[in-house]
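Chains as they are written, first to last, in our numbering: chain A, 1 to 112; chain B, 1 to 114.
Just to be clear, a hint being listed does not mean it is correct.
What the hints assert, rightly or not - Here are some chain A residues pointing at chain B (derived, C-beta under 10 Å): (1) 28; (2) 31; (3) 42; (4) 82; (5) 89; (6) 102; (7) 108; (8) 111; (9) 112.
Hint data in this document are derived by calculation from the structure and do not stem from the laboratory.
Idealized CB from N, CA, C, for every residue including glycine.
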Amino acid sequence: GEDVEQSLFLSVREGDSSVINCTYTDSSSTYLYWYKQEPGAGLQLLTYIFSNMDMKQDQRLTVLLNKKDKHLSLRIADTQTGDSAIYFCALLQGNQGGKLIFGQGTELSVKP
Amino acid sequence: DGGITQSPKYLFRKEGQNVTLSCEQNLNHDAMYWYRQDPGQGLRLIYYSQIVNDFQKGDIAEGYSVSREKKESFPLTVTSAQKNPTAFYLCASSTGQLPPYEQYFGPGTRLTVT
């Protein structure tokens, strides 16, 4: 089945850029998403990218998609302590009515 | 104020009891979803519903049941057949008919079974 992999932890200094990576096995996914989860809370959709795009920018967030290598990344510019959270990448499974498969999440720690 | 509500936030049950988790949305979304989250793992889909009176099994449906009698409500019952029910349960909704299926999540219910 589909597999989505993320590294578990990332630590950066406030003001630096953070890059969170995700690799996947199913190249047929049409939409790829990034979600943020703060402690004890639900998930918040940050952004998504359609599979025919290479890059999408939204304020401090930049998503890069390399379909050949099946690699998705999320760059957060000027990282703040409020960005500390778990970040999940997710892929839409075929066109089956919104079925998403999630990576295990990357815990981002931002140190002052 | 539009959104998804889940209640209660914390729930404690004894082994062998069925328990029902509530999920309500006032976003007028057609589709609703239930996920389970375990520590250090991503979300796994339990059930989803694209329209009232219809629902499909996700990847880990065994030991769970759902109903979708109203558009705004999608309750999840954790039955005594679920072997390891202690987890964080998240409900989501989306417009449902076409991609990108932007899913909006509720705050979650943490279920502890002893």
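We went through each hint and held it up to the structure:
Because the closest C-beta pair between residue 28/A and chain B is about 13 Å apart, greater than 10 Å, the hint is violated. Checking residue 31/A against chain B by beta carbon gives a least distance of about 5 Å; that is within 10 Å, so the hint holds. Annotation: interface hint on residue 42/A holds; nearest CB of chain B at approximately 4 Å, less than 10 Å. This hint is violated: residue 82/A has a C-beta 18 Å from the nearest C-beta of chain B, more than the 10 Å allowed.
The interface hint given for residue 89/A holds, since its Cβ lies 9 Å from the closest Cβ of chain B, which is under the 10 Å cut-off. This hint holds: residue 102/A has a C-beta 4 Å from the nearest C-beta of chain B, less than the 10 Å allowed. Hint on residue 108/A is violated. Least Cβ distance to chain B is approximately 15 Å, over the 10 Å limit. For residue 111/A, the shortest C-beta to C-beta distance to chain B is roughly 22 Å, which exceeds 10 Å, and the interface hint is violated.
Given the 10 Å rule on beta carbons, the hint for residue 112/A is violated: about 26 Å separates it from the nearest Cβ of chain B.
Violated hints, in rising order: 1, 4, 7, 8 and 9; the structure is consistent with all others.
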